[in-house]
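Chemist: The chain contents come next:
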Amino acid sequence: MTATATATARTFACKVAEVAVGKPRIVTIGRISVGIFQLDDGYAALLNICPHRAGQLCEGPVCGTTRHTDRAEFIYERAGELIRCAWHGWEFDIRSGKCLVDEKLKARIFPVHVDGEDIYLEMGR
Amino acid sequence: MFIVDTDVHNYWSSAEVLLPYLEPYWRDFLVRGEKPGPTGSFPHGHRPWLHPEGFSRHDIKPESEEDNYLIMKEKHLDFYDIDVAILTADEPLEASTLANYHYANALVKAYNDYMIEWWLPKDRRFKGSIIISPTDPHGAAAEIRRIGGHKDIVQVLASHGSQRPYGDPFYHPIFEACAEVGLPFAIHFGGQGGVNHNAVASGPTAYYWETHALLSQPAMTHVVSMISNGVFEKYPDLYFIVIECGVSWVPSLMWRLDANFKALRKETPWLKMLPSEYCRRNVRFSTQPLEQPQNVKHLWETLEHMDGQNTLLFASDYPHWDFDAPTNLHIPPAWRDKVMGLNALEVYKRIDAPAATARVA
Chain A
1 MTATATATAR TFACKVAEVA VGKPRIVTIG RISVGIFQLD DGYAALLNIC PHRAGQLCEG
61 PVCGTTRHTD RAEFIYERAG ELIRCAWHGW EFDIRSGKCL VDEKLKARIF PVHVDGEDIY
121 LEMGR
Chain B
1 MFIVDTDVHN YWSSAEVLLP YLEPYWRDFL VRGEKPGPTG SFPHGHRPWL HPEGFSRHDI
61 KPESEEDNYL IMKEKHLDFY DIDVAILTAD EPLEASTLAN YHYANALVKA YNDYMIEWWL
121 PKDRRFKGSI IISPTDPHGA AAEIRRIGGH KDIVQVLASH GSQRPYGDPF YHPIFEACAE
181 VGLPFAIHFG GQGGVNHNAV ASGPTAYYWE THALLSQPAM THVVSMISNG VFEKYPDLYF
241 IVIECGVSWV PSLMWRLDAN FKALRKETPW LKMLPSEYCR RNVRFSTQPL EQPQNVKHLW
301 ETLEHMDGQN TLLFASDYPH WDFDAPTNLH IPPAWRDKVM GLNALEVYKR IDAPAATARV
361 A
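Protein sequence lines, in the order shown, are assigned to chains A and B.
Counting from 1, position 122 in the first sequence corresponds to residue 122 in the working numbering; the numbering is continuous, with no gaps.
Counting from 1, position 8 in the second sequence corresponds to residue 8 in the working numbering; the numbering is continuous, with no gaps.
Think of the hints as simulated: they come from the structure by calculation, not from any bench.
Be aware that one or more of the hints could be misleading.
Unchecked claim - Quick partial rundown of chain B residues pointing at chain A, CB under 10 Å, derived from the structure: (1) W49; (2) P52; (3) D59; (4) K61; (5) W321; (6) N328; (7) P332.
Unchecked claim - Pairs of lysine-lysine, BS3-like flavour, derived with a Cα cap of 30 Å: (8) B/K122 - A/K98; (9) B/K35 - A/K106; (10) A/K98 - B/K61; (11) A/K104 - B/K75.
Claimed, not checked - Pulled from the structure, derived: some chain B residues nowhere near chain A, Cβ distances all over 12 Å: (12) E16; (13) G54; (14) R57; (15) S64; (16) K75; (17) A142; (18) W209; (19) S225; (20) D237; (21) H305; (22) H320; (23) A325; (24) R336.
None of the values given here were measured: they were computed from a predicted structure.
For each residue, glycine too, the CB sits at the ideal point set by N, CA and C.
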């Protein structure tokens, strides 16, 4: 997540100003819809298709969730690190794309590079 | 592929859309009377459960009443190339939770008029459901007779939450009216509150996901009751459609019913067939929310035991959180034409068959 240029093909996604913490930007690149997220420590990008039932993953709320506990206490944590799919509400880690209840289920992630005011994605296969 | 979506919820942004359709006394009641929420909320006896994320998909964000249609058109009807969408309302089903059945009747009547005037003319793909409140079967029957002849009305719809099992003779005036106007009687998940306090057996569960997983419970009771009380002997052509109550429970229930009936048929001498035979002939089930086992073959084998190829009707439940997309419905590929649309033609006689498709025998 640096501005360092590499040889990898990069695709312009959007301007930094178009994304805010908790308010992802949905962009269409070619025929692919991608959600661009600002996190506390940088940016992340997820394919806007949920691996569960192909719903519009990135249009759901950015949120946190309850920690696993051994008793009835509701410890809210990971605020801003999760996306809850707009359709069925399955929770995914925005950085890794992993589904919380089944880590084998993974949303596609794209490496993000910031160059000045511009956000670029690595979209190679 | 010809697609009939048997469960499309036509939302409103505010229940005040009903005001022009209410008689003055009931209009005052909705304007000045107590409501379960702020202005614009629909009167109902609330259920013990609150959905922690709300019921609607988060990508559906109407900003005006018109948006409720425009978004549905863009994201659902056009996107999936739906041929027929059966509107199943949303909050109006909850009128069945009110103790004041006069008010419940007035509210569903206003909804039905609003639906006919506002929704049906918007899109040639729309078909309507007459919403009734089962708390007053004679009032419901009058409403069915009042508008049951409308060419774009295809069914009568009540909540699956009720005060008694639907086969109870108390409700037979509803089925008599359905038979008279030639419409199926359908139930849809909902009405789990207020006077309908038996929505979950043994008492209310604590969490919404529990409750939702148990949505089959009242449906089981209703299917058994409709069969045992001889509704399908009295009205042999009546279809009973069970919407959004799950499906994989049907075979095991029929196995038990048939076994018990063989021993104790003397209790119900009016029945001439096995319970499972009435179910196969008169009952249809919407697919959504289709169960999701790890191995889909386990589901498919179960569905074979209820002749799912002929008894299932596709439903999406748009725009709810447990939506099933037509493109991602896990049913056997060989069943798709029938389940996605052709089976609906057998049940909903007022839906025109697609020109290129022969009716299923």
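Chemist: For each hint, tell me whether it holds in the structure or not.
Modeler: To see whether the hints hold, each was checked on the structure:
no.	hint	result
1	W49	15 Å, violated
2	P52	9 Å, holds
3	D59	4 Å, holds
4	K61	9 Å, holds
5	W321	6 Å, holds
6	N328	5 Å, holds
7	P332	18 Å, violated
8	B/K122 - A/K98	42 Å, violated
9	B/K35 - A/K106	44 Å, violated
10	A/K98 - B/K61	26 Å, holds
11	A/K104 - B/K75	29 Å, holds
12	E16	27 Å, holds
13	G54	10 Å, violated
14	R57	5 Å, violated
15	S64	19 Å, holds
16	K75	9 Å, violated
17	A142	40 Å, holds
18	W209	10 Å, violated
19	S225	32 Å, holds
20	D237	37 Å, holds
21	H305	25 Å, holds
22	H320	9 Å, violated
23	A325	6 Å, violated
24	R336	17 Å, holds
Violated hints for the displayed structure, listed by number in ascending order: 1, 7, 8, 9, 13, 14, 16, 18, 22 and 23.
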